[in-house]
Amino acid sequence: MSRTETGARKGASPRPKNKLARSNDRVLLLMTLPAALIYALFYLYPTINNLRYSLTNWDGFQEAKFVGVENFSKMAGDSVFTKVLGNNIEFTFLVLIFQTSLSLLFAIFLLQNSRISTFLRTLYFFPTIISSVSVAMVWQFLYEPNLGPLNVFLNSVGLDFLALNWLGSETATLRAIAFTQVWFHTGQMMVVYIAGLQQIPAELYEAAEVDGASRWQQFKSVTWPMALPTTAVVMAYTTIQSFRAFDLVFAMTGGGPNNSSSILVTMIYLTAFNEFRFGYAASQSIFLIIFILAITALQRRILRTKY
Amino acid sequence: MFYKISRIVALTTFAVLIIIPTLVVVFGSFKGDLELMTKPLALPESWSFGNYRELFNNGEIGRNFRNSSIVTLFSVLITLFISSLASFGIARVINVTGRVLFVLFSLGLAIPAATSIIGIYELFVRLNLTNTLHGLVVINVASTLPISIFILTAFFRQIPNELYESASMDGARPFRLYRSIALPLSRPSMAAVAIFLFVITWNDLLYPLLLLTQADLKTLPLALLDYRGEYAINFSMIFTAVMVASLPMVVMYLSMQKTFVSGLTAGAVKG
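These protein sequences, in sequence, are chains A and B. Here our numbering is used: the first residue of the first sequence is 10, the next is one more, and so on. Here our numbering is used: the first residue of the second sequence is 8, the next is one more, and so on.
Read the hints as simulated data drawn from the structure, not as lab findings. All C-beta atoms in this analysis are idealised placements derived from N, C-alpha and C, irrespective of residue type, glycine included. Treat each hint with caution, since some may be false.
To be verified - Computed, partial: chain A to chain B, Cβ under 8 Å:
1. Met40
2. Leu132
3. Tyr278
4. Leu279
5. Leu297
6. Phe300
7. Ala303
Unchecked claim - Which bits of chain A does chain B cover? Going by a derived footprint, with three or more residues having C-beta under 8 Å, they are:
8. 57-64
9. 116-129
10. 200-212
11. 256-262
Claimed, not checked - Simulated restraints on C-beta separations:
12. A:Lys74 - B:Phe88: 23 to 31 Å
13. A:Leu156 - B:Ser13: 52 to 60 Å
14. A:Ala216 - B:Ile15: 25 to 33 Å
15. A:Glu179 - B:Ala161: 39 to 47 Å
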């Protein structure tokens with residue numbers, strides 16, 4: 010790659026006498042070459058091409074025609090798009106609230122090393138290693154409206170009114186999937202929290218205890234402020250993860266019924282491969298990238314002001 | 008007191024929420040569908056391998072398993088090899104190109120894979136790489152390079168310079184340093200990255216869905232969707248397929264817990 014070679018020459022210029030360093034730099038840059046080539050051709054190039062297609066009406070088969078920003082102006086008036094955007098915001102918000110608070114709670118509960126803590130940590134982490142598709146199949150069974158264990162249980166304890174058609178009604182589906190997502194990834198975020206909480210110096214708790222602080226006061230004045238950097242990491246990852254939940258949503262409902270459980274990533278796929286509107290799907294994905302970057306930046310700002 | 012009780016209640020509830028579905032699946036794979044539906048939690052009346060036999064005899068699951076194994080193995084090995092090479096280069100190079108490359112690779116971390124599917128699909132059609140296992144390997148490698156390079160570069164930067172310098176005195180050049188110093192020292196990091204890659208590649212649905220339509224090439228997650236269609240709502244058969252698809256990861260998790268947890272959290276935190 011010419012870029013890396015010129016880089017090697019340029020970088021070596023401040024030390025023109027050091028021949029060895031210069032040739033070493035060249036070898037080192039050569040070592041990055043296989044990765045750089047594959048990444049450029051199969052990752053950067055398609056990503057940039059996506060941008061190009063977002064300005065066309067490509068249908069996946071015929072020549073793509075340039076249509077300018079028409080796809081983007083279409084989005085605002087597209088009721089499916091606005092519905093799915095709303096879904097995605099609700100989904101992310103629900104997952105963020107529950108996954109962050111539950112993983113912090115379990116991390117506090119399981120911080121001390123004991124045999125039962127170690128076992129529970131292993132157990133809670135366990136769903137992380139299972140594929141989204143498998144998890145989807147299991148929860149489809151649990152959520153089955155007539156004979157599924159969840160509704161059988163709810164009916165048997167007299168909570169019939171709660172026994173919804175979990176994956177079949179427009180009101181319940183998105184929340185049911187959000188619950189599965191939280192079930193799926195809380196253990197992983199708990200481990201992140203445990204690592205963070207273990208960094209908090211024990212003296213802070215000892216001092217708080219000397220002052221007679223209750224557990225709640227200890228949490229408020231020591232754990233929470235000291236764990237804020239970890240919270241920032243957990244929230245950032247949970248957000249990205251919820252935007253990436255393609256596999257789970259696709260395998261559980263395919264976005265249905267009537268797009269009520271679709272999120273942006275599943276909509277992009279369906280727009281392209283079910284409706285053959287590749288150009289429009291490409292522009293939706295550009296929107297998603299900008300949306301994610303904006304949310305990440307916003308989160309970073311909010312959490313930084315809290316320090 | 009209140010703390011203790013709420014702790015026990017919360018911990019038990021979540022434990023039950025994980026144990027029950029797991030047992031339902033494990034037991035269910037040995038049951039007929041009627042038995043699964045009527046007594047999902049009970050031990051199977053007889054531990055019959057009938058579902059497994061049917062799945063392997065009549066289904067393609069053996070082939071799916073093979074496809075998943077091939078794709079995962081090659082994707083992980085190739086990614087590990089070229090990302091460790093590149094990370095070493097980026098961490099050791101003195102001029103600015105290293106930093107530029109690092110930023111370029113890090114770009115890939117911010118953008119979810121699903122946002123580039125149009126461009127990827129178009130490129131793979133043009134290169135005749137759809138419906139090939141090596142095509143799937145290529146896209147797996149390309150998409151996991153950023154995270155691997157991010158983790159490994161951070162590690163290689165931590166290796167004290169003196170270690171390299173003492174070896175350089177003996178005239179060791181970059182490739183020797185990579186092989187005889189960096190690689191042996193980075194074994195735990197490499198293992199963590201390897202596990203992370205194993206899990207996400209083995210479990211991935213998006214890329215196989217995008218690139219494979221031929222039945223004999225399908226990987227396990229993609230094939231699971233087909234089995235669901237084929238067996239309609241015959242959940243005991245579906246659970247048997249889930250068991251087959253999950254078993255390798257479960258066995259690895261139980262035998263190398265520490266590496267699994269550190270690998271998957273490193274991937275999470277840095278991804």
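Against the structure, the hints:
1. Met40: holds (4 Å)
2. Leu132: holds (6 Å)
3. Tyr278: OK, holds: tyrosine 278 of chain A within 8 Å of chain B, min 6 Å.
4. Leu279: Violated: closest Cβ of chain B sits about 11 Å from leucine 279 of chain A, beyond 8 Å.
5. Leu297: Nearest chain B Cβ about 5 Å off; hint holds.
6. Phe300: violated (10 Å)
7. Ala303: violated (12 Å)
8. 57-64: This one holds; 4 residues, not fewer than the three required, reach chain B with a Cβ under 8 Å.
9. 116-129: holds (count 3)
10. 200-212: Coverage by chain B holds for the region 200-212 of chain A (3 residues, Cβ < 8 Å).
11. 256-262: Check passed, 3 qualifying residues.
12. A:Lys74 - B:Phe88: 23 to 31 Å: violated (43 Å)
13. A:Leu156 - B:Ser13: 52 to 60 Å: violated (33 Å)
14. A:Ala216 - B:Ile15: 25 to 33 Å: holds (28 Å)
15. A:Glu179 - B:Ala161: 39 to 47 Å: For glutamate 179 of chain A and alanine 161 of chain B the Cβ distance comes to about 45 Å; the hint holds.
In terms of the numbered hints stated before, the structure departs from hints 4, 6, 7, 12, 13, listed from lowest to highest.
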